[in-house]
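*Asks:* Below, each chain spelled out in residue letters.
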Amino acid sequence: MFPQADRQLCGNPPNLRPDIGTQRLSRKDKKTTRAPGGRNKLMMSGTTVASQSAVAGVAERKETAGRGRVSNDSAAGQPLLDVRGVTIQYKTQAHLVTATYRVSFSVLQGDRFVVVGPSGCGKSTLLKAVGGYLAPTEGEIRLKGELITKPGPDRIMVFQEFDQLLPWMTVLENVVFPLKTTGTLSGKAAIARAMHYIEKVKLAEFANSYPHTLSGGMKQRVAIARGMAMEPDILLMDEPFAALDALTRTRMQDELLSLWDETRFTVLFVTHSIPEAIKLGSRILLLSPHPGQVKAEINSVPRGQENSSEAAALGREIHDMLFADQIEEAPHVANANALGG
Amino acid sequence: MLQTQTLSAVERPNIYCETLGPEQFGIIQKPLTLAEKIYNQVWLRKIGILVFLALGWEIYGRWLDNPLLVPPFSAAVSALMTDVANGTIPLRAWASIQVLMIGFASGTLLAGLLTVFAISSKLGTDFLDTMTAMFNPLPAIALLPLALIWFGLGSGSLVFVLIHSVMWAVSLNMLAGFRGVSTTARKVGRNYNLTGLSFVARILIPAAFPSILAGLKIGWAFAWRTLIAAELVFGVSSGKGGLGWYIFESKNQLNIAEVFAGLLTIIMIGLAVENVVFRVIEKRTVQRWGMQS
Chain A
1 MFPQADRQLC GNPPNLRPDI GTQRLSRKDK KTTRAPGGRN KLMMSGTTVA SQSAVAGVAE
61 RKETAGRGRV SNDSAAGQPL LDVRGVTIQY KTQAHLVTAT YRVSFSVLQG DRFVVVGPSG
121 CGKSTLLKAV GGYLAPTEGE IRLKGELITK PGPDRIMVFQ EFDQLLPWMT VLENVVFPLK
181 TTGTLSGKAA IARAMHYIEK VKLAEFANSY PHTLSGGMKQ RVAIARGMAM EPDILLMDEP
241 FAALDALTRT RMQDELLSLW DETRFTVLFV THSIPEAIKL GSRILLLSPH PGQVKAEINS
301 VPRGQENSSE AAALGREIHD MLFADQIEEA PHVANANALG G
Chain B
1 MLQTQTLSAV ERPNIYCETL GPEQFGIIQK PLTLAEKIYN QVWLRKIGIL VFLALGWEIY
61 GRWLDNPLLV PPFSAAVSAL MTDVANGTIP LRAWASIQVL MIGFASGTLL AGLLTVFAIS
121 SKLGTDFLDT MTAMFNPLPA IALLPLALIW FGLGSGSLVF VLIHSVMWAV SLNMLAGFRG
181 VSTTARKVGR NYNLTGLSFV ARILIPAAFP SILAGLKIGW AFAWRTLIAA ELVFGVSSGK
241 GGLGWYIFES KNQLNIAEVF AGLLTIIMIG LAVENVVFRV IEKRTVQRWG MQS
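Protein chains in written order, with this note's numbering: chain A, 1 to 341; chain B, 1 to 293.
These are calculated hints, taken from the structure and not from any lab test.
Check each hint, because a few of them may be wrong.
[Claimed, not checked] Residues from chain B shown here face chain A by an in silico Cβ test under 8 Å; the list is partial: (1) S182; (2) P206; (3) I281.
[Claimed, not checked] Straight-line alpha carbon distances no greater than 27 Å define the calculated BS3-like cross-link-like pairs of lysine-lysine that follow: (4) K180/A / K202/A; (5) K150/A / K30/B; (6) K122/B / K91/A; (7) K91/A / K150/A; (8) K144/A / K188/A; (9) K188/A / K200/A.
What you are looking at is a predicted structure, and each value in this text was computed from that prediction instead of being measured.
Glycine included, C-beta positions come from ideal geometry on N, C-alpha and C.
Could you put the whole structure together from the sequences, leaning on the hints where they help?
*Replies:* What follows is the structure, encoded as structure tokens:
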């Protein structure tokens, strides 16, 4: 067992965000007692209790932030995306599958928020729910305080699949397309904005090429440019580099980070790779496998230190936490990917 | 002793090699002979086959020496030339094509409406499934007697059977194409707030275009055959007959060379549409987009 890491997590404030209030303990107790009986059955292992307390802490932070909005003194602490107690269930041919169970987290403006977990932990399903493609069975997801009910251009999704680019349009047309259809920009302004972001991903010379002539990495760069050109409140990335070869993936990660340095966009990034999470993330959410529950929400190492010994230690810590429980191979992983649409 | 020997045999030194630059290799290639180059041209081979067939026809026709059964190729060609020059064939062909275009366009339009209705609800899908299951195997020409009763002798009847022959084939292909659109493309469309008809027009139709184009090709072939057959049955509409009627008339006057001239015209128009119109559309769309090689 790995109780130490977990105890450290729930006991040690440094791993949680500093703005969590001092009344945390009492609030937490209240939260736990309020929990229905069914939940306690799932909270038998010490690790789950730890994660629940971390969740309660985040809930507390949200409440303080909510008050802050009125008094207008902590705009930085106001969550941009607020995921609260989200349980997602979906039906397959024979089963009702619970993909995530009461997941809560908040993404702040400018966060590089990474959700990491083994396959089958419902992280992609969770991202689809944030994207508005499926509705949570329980709980709610709010973007800038507004409930998410359907897909919208304020949350642009970057998928893993290369066919997310529309093959009948050139690179430029692909990037211009959402700007025009959503009425964000039109005419020359749309083209100028699109070219700006195409240049940012270093594809200016391919602006008039069709997607099928590009390599996988270039296609993903176009998809990222298309997402960024919309300047959405939050960019949702569903393992966008998973289908790339290792060298290209590393380069794409570096490029994504340098893009972030330039524009400081908010991104919610889903991955199953722990090194990728540590390298890209500023804040990392760990989900346990099947059904996905929050195991921890921790800060990553500072930028550019992904090869340091702290990063290695963090990687081991994450690895130990994720694989603390015996992993049951989820039988419906393939179905989870086929959801929505 | 034996063990140490095997162990040392496994241990191997690292090997580093110098590789040759590309300039060190002479490019090894040899031009093909002229005959090989000519043989490699597909269109030249196909023309060869056509010439061979025409020669066979000509020889057989001369040997038979019975222009009422098989006039030689040269006679058919000269009849074709004469009637093209005096304007008979172009006029007849134009009459056929006009009716065809009306029937094809309205059939495609109806197919599009039906398919959009089909994908928007389960009931619609069932409706289209049932209708295509019933009517797709029904030859359009079998409806001609009914059409004649309903619409009389005229282009109305022709258009009716044309619509029937085009609609089911096209809507089957459209539906298959719409169903085959990837979930990622659908999600991308929904991400940009595309719903309803704009979703169909901007995502589904282009994404399903290879299937739609295949459906249009099949529909065109069906329509062309149906039209000629229908014209052969009753032919004249409002005083100007089409190519089918031209063939029928020529047969009645025992002018068999003209019958062949009419058949050649039908073949040539069919080839032209297939290899020029549809080929150009394919090159400009699905091939350019990499959706079809």
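*Asks:* All hints are to be evaluated individually against the structure, with a verdict given for each.
*Replies:* Taking the hints in turn, this is what the structure says about them:
1. Satisfaction of the interface hint for S182/B is found here, the shortest Cβ-Cβ separation to chain A being roughly 5 Å, below the 8 Å cut-off.
2. With a cut of 8 Å, the hint placing P206/B at the interface with chain A holds, because the nearest CB-to-CB distance is about 4 Å.
3. Hint on I281/B is violated. Least Cβ distance to chain A is approximately 13 Å, over the 8 Å limit.
4. Our distance criterion of 27 Å between C-alpha atoms is met by K180/A and K202/A, whose separation comes to about 22 Å.
5. Distance restraint check for K150/A and K30/B: the Cα-Cα separation of roughly 63 Å exceeds the 27 Å cut-off, and the hinted pair is therefore not satisfied.
6. A threshold of 27 Å between alpha carbons decides the hint, and for K122/B with K91/A the separation of about 19 Å falls inside it, so the pair holds.
7. For the given pair, K91/A sits about 19 Å from K150/A by alpha-carbon distance, which is consistent with the 27 Å threshold.
8. With a C-alpha separation of about 30 Å, the suggested pair K144/A and K188/A falls outside the 27 Å cut-off, and the hint is violated.
9. Of the pairs offered as hints, the one joining K188/A and K200/A holds, with about 18 Å between alpha carbons and a cut-off of 27 Å not exceeded.
In this structure, the earlier hints numbered 3, 5 and 8 are contradicted, and the remaining ones agree with it.
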